[in-house]
Amino acid sequence: MGIRKGEGRESAARGAWRPDAPGEAVFSLGRGGAPRSLVPFLRAEATLRALPRESHTLVYYDTFDWRLHRAGLRLTSHEENGLTALWLQRSASPGEPGDASRSRARSGSAKGGAGRGRPAFARVAKLPSFASDLPEGRLRRRLERITDVRRLHPVVRIDLSRRGYRVLDDEQKTVVKLVFERAVARDPAVPGIAAELGGTLRVVPVAGYRKAHAATLRRLGERPGIAPIGADLASRALAAIGREVVAHRSELRSELDARSPAGAAFLSLHRELFATMRDNVRGIREDLDPEHVHDFRVAVRRTRSLYRLYRDLIAGTAFEALLPGFKWLGRVTNPTRDLDVHLIELREQLAKRPEERDALLPLEALLREKRRVEWERLVEALDSSTWAELEAAAAELLDPPSGPEADRVAASGPPLGPWASDRIVRALRRVARHGRRISDDSPGEKLHELRLDAKRLRYLLEFFRSLHPAEEIDPLLKSIKRLQQNLGRFNDARVQSRSLRELGRELAAQGSHGDALLAVGRLVERAERRRERERARFHERFRRFDSRTQRERFRRVFAAGERPAATPSEAARDPAAGPTRPAEGAPQRGERA
Amino acid sequence: MKVYAVYSIKGGVGKTATAVNLADLSARSGLQTLLWDLDPQAAASFYLRVKPKVRGGVAKLLRGRRRLDRWLRASDIEGLALLPADFSYRHMDLELQAGKKPRRRLARLLEPLAKRFDVVFLDCPPSISLASESVFRAADAVVTPLVPTPLSMRTHVQLLKHLGCRGGKQARVLPFFNLVDRRKKLHRAIQDAAPIEHPDFLESWIPYSSTVERMGTERAPLSAFAPRTHPALAYAALWDEIQKRVPVD
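Quick note, the sequences are listed as chains A and B, same order.
Taking this note's numbering as reference, the numbering of the first sequence is continuous, increasing by one, and the terminal residue is 594.
Taking this note's numbering as reference, the numbering of the second sequence is continuous, increasing by one, and the terminal residue is 1267.
Isolated chain A (complex conformation) (with noise of 0.2 Å):
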């Protein structure tokens, strides 16, 4: 019969024992809840019969970032027979986003309801650290969407034991299964920390006997000393051990006053900024995540950003004097992050094209060497005094209370907002000044230097972003993200294609066999193609990030306030003076007619 292949079915699942199945109510035992007293008080009304005894080690995967979490879901192992079982559902607790109470009520069925709440399930040899590691498959596939290029590490485990009990009817069918649980908490980071969850039941609903499941629970409600718990085992045991779900964000949370002197944004600009880089130490030191690597390095990037706007404020301060070590900082990350960006490239290609694993192996453990090499070195730099020395510098500086010095720099300057407009009026300036100059001969350099003009703007429309509604200010941040996507992509391809031919080389030199050189090659034609395509696309992108709707969108935004005249040669190229901007559509330079 045409029935199609049933798509995401978990057939290899059988077996595979799995924590806070759907439907499931759990109560917390009290005193009155001991096994011993309440499996009699259970078979004054119903059959029971006792299962073997068995225990169980979990443990919950989740992104630095608490990607899973936050998306309501969990991602388990557990162990049985020399492989990994490791399924991903939704969380149980209620009120967290994945709460499966409000779909299952729905549908009335253990099952559960939409499609995407359904788990998914794998067995594999090996514990992947990020999602592409995993096999072709729907859990893969999920877990990707959601976790991206973040890497899955252990944020708990727990050891369970069980005892578990059928409830039978007169047919002597089960049609209610109870489990006793103990659960001890462990952090997989601390190996001291350890937590006991006490006692829960666990009642386990059989499809097609939902009326014994109410009045089991009915029964179990008459009981005093038990109670319904809401949160799932994960929670519980996040909770156990003290864990807490840390929102992480990358963005800019200043919020600045648009009469205050233009110092003040400085100091707190830069308080945030260095504060984003302490954070992101500890992850760099253990190597939780490569984001940690790339947030400390934006964090370092806008913090010269900021430095660079304001020298003529902190000129002769001690501010200044940090300066060189912040340029240091940069200096220190970039080789680790590169080589992220290679393996992160890479993964996306492997994900793309499974057949090349094989003979894009000896890449991957080269890149992979290297960046091990350089990740130690970036540990050596954040271990020396250096860091130490300028980490204490700008502590003393920025940590409230804040002294003279640091009171001064936010005292000094003219008013925030009109000088904010007039700064970001002028790196827009300078953006489609040099972007207009761009044409189909231009060298490759060129696109790179735009590239860092729009990245200064982009900085800058970040720095002074809660200065403006978030409805007026957004479009303008999603326009000149969009031409950085394009000019970033370029520049990337580019980097890449020429670092790639230097790995096929130390490949060759290493004696790699020949089918890895092959693929090598293949990446790099991919990167040369990426680079064109990308450069094929400039002028529309640019085109439309110049674009007489975008130029008034800036006007209204940042020309409205009270701004310094313009030079008559720069009005004239001034794209917030919208009037004296050449005509829609009429070519200009740079632009392929």
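Don't take each hint at face value.
[To be verified] No farther apart than 30 Å at their CA atoms in a straight line, the calculated lysine-lysine pairs in the DSBU-like style are these:
| # | chain 1 | residue 1 | chain 2 | residue 2 |
| --- | --- | --- | --- | --- |
| 1 | B | Lys1179 | B | Lys1202 |
| 2 | B | Lys1078 | A | Lys212 |
| 3 | A | Lys212 | B | Lys1071 |
| 4 | B | Lys1133 | A | Lys212 |
| 5 | A | Lys178 | B | Lys1069 |
| 6 | A | Lys212 | B | Lys1069 |
[Unchecked claim] Residues of chain B placed beyond 12 Å of chain A at every Cβ, according to the derived structure:
| # | residue |
| --- | --- |
| 7 | Pro1058 |
| 8 | Ser1063 |
| 9 | Lys1069 |
| 10 | Gly1082 |
| 11 | Arg1083 |
| 12 | Ala1099 |
| 13 | Pro1102 |
| 14 | Asp1111 |
| 15 | Ala1116 |
| 16 | Val1165 |
| 17 | Val1191 |
| 18 | Ile1214 |
| 19 | Tyr1226 |
| 20 | Arg1237 |
| 21 | Pro1245 |
| 22 | Thr1247 |
[To be verified] Some chain A residues near chain B, calculated using beta-carbon distances under 10 Å:
| # | residue |
| --- | --- |
| 23 | Gly165 |
| 24 | Leu169 |
| 25 | Glu172 |
| 26 | Gln173 |
| 27 | Val207 |
| 28 | Ala208 |
| 29 | Tyr308 |
| 30 | Pro405 |
Hint data in this document are derived by calculation from the structure and do not stem from the laboratory.
Virtual Cβ for every residue (Gly too), placed ideally from N, Cα, C.
Given chain A, put chain B in place with the hints provided.
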């Protein structure tokens, strides 16, 4: 999802024991399995200790407004669900007749279950009727137990002729010998001659055994109470051979 109908025109040839044991083996091998007890006598439901009751009866079930999931019951075997029998199944022909495209009805009802199950077994009542026509349409394979007697062989030929006359998609017929008593000369003669006359016969055969009859008192498939006995091993070989002929996706 593959649908295997266990079917015979004759009664008492061991259809239900076959359906229950094959479904059990399928579930134990890790396949999500459904057994639909279509026989109003409800023997499969009895073996799995499920009360033969379908709320709303066959009329509501066949109407197809609700998905079959609603009536499913988990058996005590991990991975095996049962759609129980109901006494109203005796009117299945009438109910099918009342609806549109009665021959396609069962296939339509089973379709949505493909997301949930790898394998479906249909334990069919002994008859040749509109219901069996609908079964043939829904099934990928028709597993036919035959006792090695002349009458059985005659009905088998009748079945093949009948299926050959039907148009449309053809389910694969997989006949095998059941309740074989090698002490009987007749059984031996028919069984030994079969490969020449009927090359489509499966090689595996199930011996006549009181162990299989004990399923009625144990109310469980063989693997639960007599896993290493001759008939249990014979069923396992039969399931392997069926999967080779008509593989599960």
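Going down the list of hints, with the structure as the test:
This hinted pair checks out: Lys1179/B and Lys1202/B have alpha carbons roughly 29 Å apart, not beyond 30 Å. Among the hinted pairs, Lys1078/B with Lys212/A is consistent with the structure: their alpha-carbon atoms are about 21 Å apart, no more than 30 Å. Between Lys212/A and Lys1071/B the alpha-carbon distance is near 15 Å, which keeps this suggested pair within the 30 Å criterion. Taking the CA atoms of Lys1133/B and Lys212/A, the gap is about 26 Å. The hint holds against a cut of 30 Å.
For the hint linking Lys178/A to Lys1069/B, the alpha-carbon distance of about 18 Å falls within 30 Å, and the restraint holds. Between Lys212/A and Lys1069/B the CA atoms are separated by roughly 14 Å; this keeps the pair inside 30 Å, and the hint holds. Non-interface status of Pro1058/B relative to chain A is upheld: no Cβ of that chain comes within 12 Å, the nearest being about 18 Å off. Residue-level check failed: Ser1063/B sits 10 Å from the nearest beta carbon of chain A, not beyond 12 Å.
Distance check for Lys1069/B against chain A: the nearest CB is about 6 Å away, which does not clear 12 Å, and the non-interface claim fails. The Cβ of Gly1082/B sits about 15 Å from the closest Cβ of chain A, beyond the 12 Å cut-off, so the non-interface label holds. With a closest Cβ-Cβ approach of about 15 Å to chain A, Arg1083/B is found to remain outside the 12 Å limit, as its non-interface label requires. With a cut of 12 Å on Cβ distances, Ala1099/B falls inside the contact zone with chain A, its closest approach being about 7 Å.
Not every CB of chain A lies more than 12 Å from the CB of Pro1102/B, the least distance being 8 Å, so the non-interface label is violated. With a closest Cβ-Cβ approach of about 20 Å to chain A, Asp1111/B is found to remain outside the 12 Å limit, as its non-interface label requires. Listed as a non-interface residue, Ala1116/B keeps its Cβ farther than 12 Å from every Cβ of chain A; the least gap is roughly 22 Å. Taking the minimum C-beta to C-beta distance to chain A, about 28 Å, the non-interface status of Val1165/B holds against the 12 Å cut.
The beta carbon of Val1191/B sits about 15 Å from the closest Cβ of chain A, which is more than 12 Å, so the claim that it is off the interface holds. At roughly 32 Å from the closest C-beta of chain A, the C-beta of Ile1214/B stays outside 12 Å, upholding its exclusion from the interface. Remark: the non-interface label on Tyr1226/B is consistent with the geometry, its nearest Cβ contact in chain A lying 28 Å away (cut-off 12 Å). With a least beta-carbon separation of about 7 Å from chain A, Arg1237/B fails to lie farther than 12 Å from that chain, contradicting its non-interface assignment.
The claim that Pro1245/B lies off the interface holds: its Cβ sits roughly 16 Å from the closest Cβ of chain A, which is beyond the 12 Å cut-off. Under the 12 Å C-beta cut-off, the non-interface status given to Thr1247/B relative to chain A holds; the minimum distance is some 22 Å. For Gly165/A, the suggested interface contact is broken, since its CB lies about 13 Å from the closest CB of chain B, more than 10 Å. Interface restraint check for Leu169/A: the shortest CB-CB distance to chain B comes to about 9 Å, inside 10 Å, so the restraint holds.
Interface restraint check for Glu172/A: the shortest CB-CB distance to chain B comes to about 4 Å, inside 10 Å, so the restraint holds. A distance limit of 10 Å between C-beta atoms decides the matter here; for Gln173/A the minimum to chain B is near 6 Å, and the interface restraint holds. Interface restraint check: Val207/A against chain B, minimum CB-CB distance 5 Å, threshold 10 Å, status holds. Annotation: Ala208/A was flagged as interfacial toward chain B, and the flag holds, the nearest CB pair being 4 Å apart, inside 10 Å.
Given the 10 Å rule on beta carbons, the hint for Tyr308/A is violated: about 58 Å separates it from the nearest Cβ of chain B. Taking 10 Å as the C-beta cut-off, the interface hint given for Pro405/A is violated, the closest approach to chain B being about 70 Å.
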